[in-house]
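J.: These are the residues of each chain, in order.
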Amino acid sequence: MTNVDAVKARSAAGPTPGRDRKAPALKPAKPKFRWANNWHYPVLAVALFVSVFPFYWMFVVGSNTNADVAQVPPRMIPGPNFVENATNAMNAVPFMRALLNTFIVAGTVTVSAVFFGTLAGFAFAKMKFRGNKALMAFVIATMMIPLQQLGLIPLYMLMDRFGWVGQLRAVIVPALVTGFAVFWMRQVIATSVHDELLEAGRVDGCATFGLFRHVVIPSVRSGAAVLGMFTFLFMWNDFLWPLVVLGGNQSNHTIQIALRNMNQTYYSDYALVLAGTFMSLVPLIIVFVIFARQMIAGVMEGAVKG
Amino acid sequence: MAAVHSQDPGLGPQSTTSWWFRREARIAPYLYISPFFLLFLIFGVFTVGFTAWVSLHDWHIFDTAHGGGTFVGMDNYVRLMNDARFWRSATNTFSILLMATIPQMFLALVLAELLNDRRLRGPHIFRSGLLIPNITSVVAITIVFQSLFGRHYGLINVGLDFLGFEMVNWTASRLGSHFAIATMVNWQWTGYNTLIFLAAMQSIPTDLVEAARVDGAGRVKRWWKITVPLLRPTILFATVLSVIGNFQLFAQPLLFAPGVGSMGGNNQQFLTILLYLYNMAFRQFQFGYASAIAWMLVIITAAAALVVYAGVGILNRRENRAALAVQKTRRANSGQEVGA
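Protein chains in written order, with the numbering used here: chain A, 1 to 306; chain B, 1001 to 1340.
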């Protein structure tokens, strides 16, 4: 590759940013918008559209009558019937009860997983003990294995033995602390809790739990909040195990089971089913809108660390 | 560095409590990690191990209360080998896995490259828009896509009809249903993987890509020849996770065609392994046989993950050999030059 080629290639690639900055001095007009340099916007816009469209469609179907949607071409804009459809959906299955159950399950698990995850993460990140590294490697290995699915049958037998089949605690207890929570909090504590503070606390006569309360907890709040959101969303969306263990007891259904039953019974009534589905997503969308930045950062940080 | 020293003589006012003070710091970590290991022992080790035991029995759900089923040795596995439905579910799972993983990784790499541009305006909008499918529940996703893939009034068929193509009966055809289910998986996970790849791209040094740019390599070439190979560990990790996840496909085939029951369509055209397991265990209550399916699923999943690792290993080795060959020719050439 000669120098001339490189220069040619550069000029073919369009103006460099440096030249762009100079351009206004020569020519007061705005720098020209070139599609050749900005073709990624349309591609990204299409991706964004594909990502968001199903939510829009859910609302379109859920806010029209079935007749409006079952014509060619179908109605593509929201109609006036959303409240009616949503009310029907919420009467078709014990919707509010299921929402409450899901809140109880997801809320309890979130608090517990964050607490025990932080405790174990503290031990792994900042304390010396025999087998620290090996045990941590083991925790990471468990994250890769979908234990719940593979051990489904004995898990059910166990719950049967405990008399917990149909009870919310059958979903809550196995999830009280996860390998992911331990791993996540270990990473957070390793990077955001300063050793000097711990040493100072030690000198002041803090036992380890004192250090945990007064030093660790105040410095890991944001990392713990991200873990909490992920845990909450995961439990909110969990389906297989709740279906197996709670399926027989309608008053303890979670929202995903209620949705499934609604879909099973009223599948020809798209307006009702999609209005109900939309309602079930509202809490998630609220959580997402508030915490989107932290969640994106969480996913991306997790990628680099993992 | 560990900050909590178990032996720090002379520090602090612990003269009277020093023995306990030091002892506590040694015991505490085990106490703190014990909740995880306790739960894991009961709900992880025990359950997966006990699955193996149950799989060696003719074990009906009611046998559980009476001390277990009848021991039948490997009978369940022999039956599994000759079970056409199981093999159909396995082929379905593989087919959906291929349709879901490959386009997803490719698309995510393209989108990550487009997002990895400091001049991009409104990156937050694109990123959050791409992540939102991932936080949506599979149940909700399947319900919406089931409407989009509807036979007569589904938007996709209406679109096909409008463009002059024939409408597809997505739930009835084997390939069609696999495509529809793979679409749901792709929709949910492409954005997530995009963010993972974007994070990895931001952490690779820019000088290589810059050097290639100066040398006149186009954007596509820079992406395919430099960025993507550098991302290989991340791609491998994402692929393995995707493979493992796809073997757990359950909600999509269960909910996809609500009119035709839970066996993955009238001809089991979209029955997956986990859905078959669920049917055996909790509809037919054959715990022994279902446990054998569970163990087969473990083995297949592990084997598939190993195949991905091995594939990347071969790729790496071949590349190393190519690099070595280049070095050798260079050395030979320079030798000639010196000689001349």
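Be aware that a few hints might be false.
[Said to hold, decoys possible] In silico contact screen, one side only, chain B against chain A (beta carbon under 8 Å); selected entries:
1. 1091
2. 1095
3. 1129
[Unchecked claim] Residues from chain B that keep clear of chain A, each with C-beta distances beyond 10 Å, as calculated:
4. 1048
5. 1088
6. 1205
7. 1229
8. 1254
9. 1314
[Stated by the list, open to error] Here are some of the chain A residues that sit facing chain B, going by a computed Cβ distance under 7 Å:
10. 40
11. 46
12. 119
13. 129
14. 143
15. 147
16. 151
17. 162
18. 260
19. 267
20. 299
The set of hints was computed from the structure by calculation and includes no laboratory data. Being a predicted model, the structure only gives us computed values, none of them experimental. We put the CB at the ideal spot given by N, CA and C, even for glycine.
J.: For every hint, state whether the structure bears it out.
T.: How the hints compare with the structure:
no., hint, in the structure
1, 1091, "violated (20 Å)"
2, 1095, "violated (20 Å)"
3, 1129, "holds (4 Å)"
4, 1048, "violated (4 Å)"
5, 1088, "holds (20 Å)"
6, 1205, "holds (14 Å)"
7, 1229, "holds (18 Å)"
8, 1254, "violated (8 Å)"
9, 1314, "holds (22 Å)"
10, 40, "holds (4 Å)"
11, 46, "violated (10 Å)"
12, 119, "holds (4 Å)"
13, 129, "holds (4 Å)"
14, 143, "violated (10 Å)"
15, 147, "holds (5 Å)"
16, 151, "holds (3 Å)"
17, 162, "violated (11 Å)"
18, 260, "holds (6 Å)"
19, 267, "holds (4 Å)"
20, 299, "holds (5 Å)"
Of the numbered hints given earlier, the model fails hints 1, 2, 4, 8, 11, 14, 17; all others are met.
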